[in-house]
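Protein sequence lines, in the order shown, are assigned to chains A and B.
For the first sequence, my numbering begins at 1 and goes up steadily by one.
For the second sequence, my numbering begins at 1 and goes up steadily by one.
If the Cβ cut is set under 10 Å, some of the chain A residues that face chain B in the computed set are:
1) 110
2) 115
3) 162
4) 166
5) 167
6) 283
7) 348
No lab work stands behind these hints: they were computed from the structure.
Where is the CB? At the ideal position from N, CA and C, for every residue including glycine.
What follows is the residue order along each chain.
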Amino acid sequence: MNRTLILAGVLIAMSLTVGTLTAQVPAAIPKGKPAPVVKVPTINKTKLSNGLSIWLVEHHELPLVAFNLVIQTGADHDPLTQPGLASMTSDVLDEGTARRDAIQISDELESIGANLGVSSGIDGSFVTLRTLTTHIDKALAVYSDVIVNPTFPQKEFDRLKSQRLASLMQQKDQPTSIANNAFAHILYSANHPYGLNSSGTTTSVEGLTRDDLVKFYGAHYRPGNAVLIVVGDVTLEGITKKLEASFAAWADAPAPHFSMPAPEPATTRKIYLIDKQGAPQSEVRIGYPALARSTPDYFPVFLMNRMLGGQFASRINMNLREKHGYTYGANSSFSFRKGVGPFVASGGIVTEKTDSALVQFLYEIDLMREKGMTDEEMSFVKKGLIGNFALNFETPSQLASMMQNIILYGLPDDYYSTYLQNIEKVTPVEVLRVAKQYLDSSRMAMVVVGDMATIRPGIEGAMLGAIVVCNTDGDPLP
Amino acid sequence: MSIKLFTIVLTTLIASIPAMTQVNLKIEKYQLPNGLTVILHEDHSAPVVGVVVMYHVGSKNEKVKRTGFAHLFEHMMFQGSANVGDDQHFKLLQEIGAEINGSTNEDVTNYYEVVPSNELELALFLEADRMGNLLPAMTQEKLDNQRDVVKNERRQRVDNVPYGTSWEKISKGMYPETHPYSWPVIGYMEDLSAAHMDDIKDFFRIYYAPNNACLSIAGDFDPAEAKALVEKYFKAFPRGKDIERPAEVPVSLSADILQVYEDKVQLPRLYKVWHSPKQETREDAVMTVLGQVLSSGKSSRLFKSMVYDRQVAQSVSASQSSSEIAGLFMVIATAKPGITLAELNTMVDSVVNGVIASGVTQEEIDKVITGLEAGVINRVATNLGKANSMASYELLTGDPANINRQMDHFKNITPAEVQALAKKYLSAPKMLLSIVPQGKSELAIQKIQ
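Let's have the full structure, built from the sequences with the hints guiding it.
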């Protein structure tokens, strides 16, 4: 079934003449024509005999086909003592199978111009393949071999482990990485998976063995714990036959029990300072554990944040960048995950203005909490989201990422065909309610990575909260 | 209704040679009397239009002590124009859900909007107003604010990033002081501080004339209507003076350059740089292939030797980086803990000297070409990608239809040709830049062997 959305009614009624006309030259800002019809593509679904779900969107504009195997297990399943396990499993997955060694896998795909990608995020792990339709059989042979028959060779594991240890050292060079990792650790502690570095720590990675990866793979890389997304120049019937053959040997098994703990709620605002001597900028992260993707308040929160810090013309960016010139860019977001993800406002701030910027971040967060959005802002945000929706159906990777969203977060199948109605429905009253509920700056952590000697006096003077000096992991220094 | 967009031609020449994949976009090009070049490509497969305005000006049009202007100017183009209020450029576009940005490099400055197809007129109006009516809206206050923003951009992208200043050290080392590629696109802090309103206005008058720009539109529009809108908004602006472009002067090093810097990094990194051909030439294509033979994929020569087999490097890359009037070929290798850059350098030398002495294989070349061809198709997957490529082919080669001939320079590259150019360019004097952790200068290359 094809769902067709008519956006016209929405846009025609709205005028675009919000510009301030300062000109001698008369030239009016043009009004848009009726909005285009956006066709939300049909998702065709089927299931292989081993239980693997296939979700296909046909896209015949280019002679390409893209696959994305979504495993419903990411770094959120890393044991507290083994951060980095999910991502190391991904890293070594394509390094050898019963039939092909690491070099052969790479060479076979390169010789047909296909790209294989393995990665893991917090909410899931992903194996992607992109190939010209003409080479689909050769490409699928390697892709399915990597997914079904990986052998995690000891030699490749050792090499990638040593690489990972070096890249963990390199993370300590990056103020942005230090800030992100310390922020997660401070918000969630070491007792919650969201408090762990998904790349691992030196200690955890040193402790990992090849067997740990084999076990993790065996438990989670199963047809019943996965969905295979296909987008491109193929048909359901044609591709199902090929996939049935390629994945026949992949046996299902029940996934182990898993439950995500609730994070400890924050209580008081504190400022966590991490020294990076001589840094010309301070990396700032402000926030606390906030909401899961499953919240019924998703749409009002999403709209509210769009105005607060979720786009270029947001209040936070206009204030800190365009008005004050403190930063190249500042923003805020709710990281909606399977579990309760954080709210974070962030930016790289010129060292000398760090305290002033912290004050302005809090000003904008508090103002939104007190007053919500104006009707004009509401209309601005809604129109922007509605117009932007039309831009999301151009490429196979855009279509695949929409399906991935539905799969990971258990969204209804008609999520994208009802998306615009859900945007429309949000009212200023709801925005004010969710702002009051979810933007309590008196409980937020403020993490600052910068030149301590320069920034500390100003931050102390601003009296925003107790100061805790931390190491680069976000642990308090004695 | 969907028209046929373009065809992808696959022709297998002989069984052992990879199929040549080319795109075949239908393109219309014309000029307004004021010299503005207009390029149109229709594609009705999604209700989206990509609009690109590319000006043939970049940091190479700047002068010594006046660096960073082209890029600072790019920022000013978002700050409103005669008929668009101060914050309104962004707001009007975000209100219709557009995706927008600007970028500056050595040779061109680029502005784009991706809009829903009903809003093409707004995009054209905004691009026209800032092309023709920017100066009346320019104020000292806006300039001061954007100067701060750009300085912050420099801190964010260069100064507060490990190894972040290496690129400008290379530019400075490889080119004489007066060469337009010798300074960084983002400019030096002291020059940004010195940027004066009059300089900025002069820059606009010279380089932001319609005859120095290309308007490229790809996507879901009606051509007759688009042409009428282009005429309505762009026709009135006067043609500017002819532009004097920086001459292409031959550059070479008379001897090897050795530089060592300490930075806040954990792992030492080696940059090995040679002069190489400019873009859009056969030699550029051959050197691009060589870069990939050396470092793209697990069996590529440098990766296999240094990262995979001996595991002395955390990462290694080799690439041909070419611009309008010159190019550089660069090998970048980051050492694993405990490895010195001299050790890495020896291994790089042995691989590079192996290519110079014995060449590469046809299989290695074919594999690279296959990957490059897949890249061509990926670049035309979006209307923005097509509008961008057409504009840059127009400005840098004079023909937007060269988007359909991207692989022409790569046809029939032979092992002998790769070997000959490796010898020609990589036997010449080079720059060896070592970036090492603070207090660890013993990890750097101390002398040239």
